[in-house]
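Number of protein chains: 2
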Amino acid sequence: MSQTTSLEQDLYPSRIQDRPQWIPRHDPVVYGTVDDGPLDQGQLHFYEKNGYLLFESLFSAGEVERMREALRQAWNAYKTSDEDYVVREPNSDTIRSIFRVHKNNPVFREIAYDDRIVSRVRQILGSDVMIHQSRINYKSGFHGKEFYWHSDFETWHVEDGMPRMRALSVSIALEDNYPFNGPLMLIPGSHHVFISCVGKTPEAHYKTSLKKQMYGVPDEESLRRLVQEHGIDTALGNAGSVLFFDANIMHGSNGNITPFPRSNVFIVYNSVDNRLVQPFSGLERRPVYLAERDD
Amino acid sequence: MSQTTSLEQDLYPSRIQDRPQWIPRHDPVVYGTVDDGPLDQGQLHFYEKNGYLLFESLFSAGEVERMREALRQAWNAYKTSDEDYVVREPNSDTIRSIFRVHKNNPVFREIAYDDRIVSRVRQILGSDVMIHQSRINYKSGFHGKEFYWHSDFETWHVEDGMPRMRALSVSIALEDNYPFNGPLMLIPGSHHVFISCVGKTPEAHYKTSLKKQMYGVPDEESLRRLVQEHGIDTALGNAGSVLFFDANIMHGSNGNITPFPRSNVFIVYNSVDNRLVQPFSGLERRPVYLAERDD
Chain Z
78 MSQTTSLEQD LYPSRIQDRP QWIPRHDPVV YGTVDDGPLD QGQLHFYEKN GYLLFESLFS
138 AGEVERMREA LRQAWNAYKT SDEDYVVREP NSDTIRSIFR VHKNNPVFRE IAYDDRIVSR
198 VRQILGSDVM IHQSRINYKS GFHGKEFYWH SDFETWHVED GMPRMRALSV SIALEDNYPF
258 NGPLMLIPGS HHVFISCVGK TPEAHYKTSL KKQMYGVPDE ESLRRLVQEH GIDTALGNAG
318 SVLFFDANIM HGSNGNITPF PRSNVFIVYN SVDNRLVQPF SGLERRPVYL AERDD
Chain D
78 MSQTTSLEQD LYPSRIQDRP QWIPRHDPVV YGTVDDGPLD QGQLHFYEKN GYLLFESLFS
138 AGEVERMREA LRQAWNAYKT SDEDYVVREP NSDTIRSIFR VHKNNPVFRE IAYDDRIVSR
198 VRQILGSDVM IHQSRINYKS GFHGKEFYWH SDFETWHVED GMPRMRALSV SIALEDNYPF
258 NGPLMLIPGS HHVFISCVGK TPEAHYKTSL KKQMYGVPDE ESLRRLVQEH GIDTALGNAG
318 SVLFFDANIM HGSNGNITPF PRSNVFIVYN SVDNRLVQPF SGLERRPVYL AERDD
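As given, the protein sequences belong to chains Z and D, one line each in that order.
Plus 77 on top of the position in the first sequence (first one is 1) and you've got the numbering used here.
Plus 77 on top of the position in the second sequence (first one is 1) and you've got the numbering used here.
Okay, chain Z solo, but in the shape it has when bound (with noise of 0.2 Å):
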């Protein structure tokens, strides 16, 4: 398949020009049809639009607390853990996140292949898929901190050499979002547009970057005609809800000083058709936590 080799032409050139340049998106938003799986015309049609879905209550109250334990059980077990897919906050010992849950977790492994998160995704990209990434975050009460905006894909793309927009992403809400505890914030539409960003990767960037993200950062001028064309929306789902967006919608969320923490799984997925090639920095491939390959 020409798709992984590395000799795929880069559709979405990132942190190589000086200047930020808008693409427009070659592919698809939506693969799949009303007959290929559980979501109507009303929600392949707004996913298409907007880029993203929530669903409010696709797991029950039951399951959302046997996650909660699980992802209680986690964090002490990895408590003082050096393994490197345990990744902490900036200047401190505490867990921000713990990746390829997927693989190193039952409860999660469950929750990954689950059929009302599976169904839906092919029906979106209209193919068999694989998970790229998995993780479990945590955002603590009083000091979380935020995440700036960024379009998952840029980094998917330069980094992990995933070639086309045919990904997504599905974020599990095991706390109740309030507008004040640094909800989920989603520039809707956003995801129709490919904006490159300035400056080159260093190496091993990914140390660094999934405690405070400095290359793959959207400029100001972009971000502010985004939000002019198209507004902010926010995930404010329950504990429960299920967040599905797309790899390029272009999100943040805000830091957290209230006592109400954030938990969350996310779990991202990638068309078979569209499996990971040599990433487009010309760098070394980073870890599989990261970005899973099966070759």
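Bear in mind the hints are in silico, worked out from the structure with no lab data behind them.
Mixed in with the good hints there might be a few duds.
You can't tell identical chains apart in this list, so a pair holds if it fits in one copy or across any two.
Only pairs whose alpha carbons sit at most 30 Å apart, straight line, appear in this in silico DSBU-like list of lysine-lysine [what the hints assert, rightly or not]: (1) Lys-284 to Lys-156; (2) Lys-180 to Lys-156; (3) Lys-180 to Lys-222; (4) Lys-180 to Lys-126; (5) Lys-156 to Lys-277; (6) Lys-284 to Lys-126.
A quick note: this is a predicted structure, and the numbers were derived from the prediction, not measured.
Go by the hints and put chain D onto chain Z.
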């Protein structure tokens, strides 16, 4: 008057003990009556109970534009100023606040003595009033930093020698507040209790505390309990809206990664029957741009 001696009893000790104390408020919240000004019984009751009042459009669009223009001019005029009343962002030259604008700027002097504000303040405080502090604030888009939870009174009492809870703040929004651009959050009802803070105040604390507060910070357990009891209200007024809030209400704001800046005019009024004494910290007085004294 006993209130101007330095032998004043310390009814609200803070930064002395090594565990936080909850001290019931010794002072009224509303000192005046419905006969003393424009606020009706419902508004006075709301303020007494919740500790704040929000007016959607006390100033016209034209007046707001005049203030915004004055703010822009002040920002330019003070760009390279080394006046101590011009406070910059941590690790940056960007101006965060300009103090004492009721003395140094004709537009904001007029606003500070505007009858729409002063009549309401006098009614709540039940006496003539004086200005304790004034400033204009600019919280930039994209990189606006959070303000952690605090009671203003705690600082004014410990560091400025404000003896009793008979003061309030007025904040005039010069931009629209959204849920996602770091609006002011208040814990309604929290003004009925004084939560003493832990840790001794260092000399000249104000030089760093205006950028990042390190002392006079309430403990997480108290904040958690306050929010459990009272919840969180968010001041989502449009440009031109005016918020009145009690000196002792617990408040703070999250950071802001959106392109929408937030700027406001902030004026603190104190009752003439509550004049400052020596700081209860035993340390030197702070400069007049932080705490006006007419003695």
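Taking the hints in turn, this is what the structure says about them:
1. In the homo-oligomer, the alpha carbons of Lys-284 and Lys-156 lie at most 30 Å apart inside one protomer (19 Å), although the nearest pairing across protomers, at 37 Å, exceeds that limit.
2. Only within a single protomer do Lys-180 and Lys-156 lie at most 30 Å apart by alpha-carbon distance; the minimum there is 19 Å, versus 54 Å between protomers.
3. Proximity of Lys-180 and Lys-222 under a CA criterion of 30 Å is satisfied intra-copy only: 27 Å inside one chain copy versus 37 Å between copies.
4. For the homomeric pair Lys-180 and Lys-126, neither the shortest alpha-carbon distance inside one copy (33 Å) nor that between copies (52 Å) is at most 30 Å.
5. For the homomeric pair Lys-156 and Lys-277, neither the shortest alpha-carbon distance inside one copy (34 Å) nor that between copies (32 Å) is at most 30 Å.
6. In this assembly of identical chains, Lys-284 and Lys-126 lie within 30 Å of each other by CA distance neither inside one copy nor across copies; the values are 34 Å within and 50 Å between.
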